[in-house]
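Colleague: Starting from the known structure of chain H, arrange chain P on it as the hints suggest.
For reference, the chains in residue letters:
2 protein chains.
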Amino acid sequence: MDYEVESSRIAYDGELSRVRVDRVRMPDGEVVNREIVEHPNAVAVVPVEEDGQVVLLRQYRHPFGQAALEIPAGKLDSDGEVPDEAVRRELAEEVGLGAGRLTELVTFHNSSGWTDETTTVYLATGLDPVDAPAGFAAHAEEADMEVVRMPLADVVERARRGELTDAKTLIGVLLAAERLRGRAAH
Amino acid sequence: MDYEVESSRIAYDGELSRVRVDRVRMPDGEVVNREIVEHPNAVAVVPVEEDGQVVLLRQYRHPFGQAALEIPAGKLDSDGEVPDEAVRRELAEEVGLGAGRLTELVTFHNSSGWTDETTTVYLATGLDPVDAPAGFAAHAEEADMEVVRMPLADVVERARRGELTDAKTLIGVLLAAERLRGRAAH
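Same order as they appear, the protein sequences are chains H and P. As numbered in the numbering used here, the first sequence has no gaps in its residue numbers, which increase by one up to the final residue, 186. As numbered in the numbering used here, the second sequence has no gaps in its residue numbers, which increase by one up to the final residue, 186.
One chain only, chain H, in its complex shape:
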């Protein structure tokens, strides 16, 4: 496939989001504008405790004006943080846990048609309490987050009923269930 970018301009440069407009020559020769929202990549993690409980957060989400049940997650720090470090930081900051074992489940595109954001999701097991990192100050939304523990089978059942509405949470929980089913079977 041949989609040549003839020119490119930044149409908006905000605090976190940046809009890029590319002029693209399509395979049939037509030249079209493509609007892409550039956004920092994210990590997310499904923490599963030894007794099969998943550690979730109930968290206010401003774009929807309501709270949602989600797995711990966050953006990569802009100073070159790698996903593996970021996920250990988020686990400590948001739910006060350290992971003996991190398994990468997938790196997915949140909305592949219009933004370059990707989210890397991990399964965390062998969990132990840790202190929040030195210098960590919770944002207002984080101060308001509520930790919710729930058996993995119950979280999957909520997903099956359409009651979980957050992409990274659905993907993480359903893939974690597939993996742990796999482990149990072998």
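Calculated directly from the structure, the hints in this document are not laboratory data. Think of the CB as a built atom: it goes at the ideal place given N, C-alpha and C, for glycine as much as any other residue. Each hint can be trusted.
So, partial list: chain P residues that the calculated Cβ filter (under 7 Å) puts toward chain H:
1. V37
2. V106
3. H109
4. S111
5. T165
Computed from the model, here is a short list of chain H residues facing chain P with C-beta under 10 Å:
6. L164
7. K168
8. L175
Modeller: The following block gives chain P in isolation, referenced to the frame of chain H:
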């Protein structure tokens, strides 16, 4: 929870994306800016044929400069189209199928921290060939799409191995598998 929007402005108004910046008074009294990317909502559909094959598309995605394996999907038309109509239109346009039965699986938030986009995902069964809608002209990317049929169990296995990278496809396929497993068990 009390997150009062004190003021709001449109910082960018593009072809599909619009950036809104809200000044929000947090529960602790602090006032912060929140940048939200407004984007049209989408529908997506997992078409499962009678013999258990899923109908997928291999499609070029400009934000990543590469092709991805995805379920059929599209944005809601701006003239007030409802998800149920949109998904029947996409099924006909993209893979030439009509559905005897549409089951809504979930309406999810693609990236709940920073955009208001939601995607409603359906399971489609009882499939029959139909003509593309009258007046339908494929865009260049659509002309370049390739239809790929694959057994549902193989698609789930690809998801399990982290090889599917599109959010709506992962969520649709994993939830369809949960539902169909449920139907088989009862």
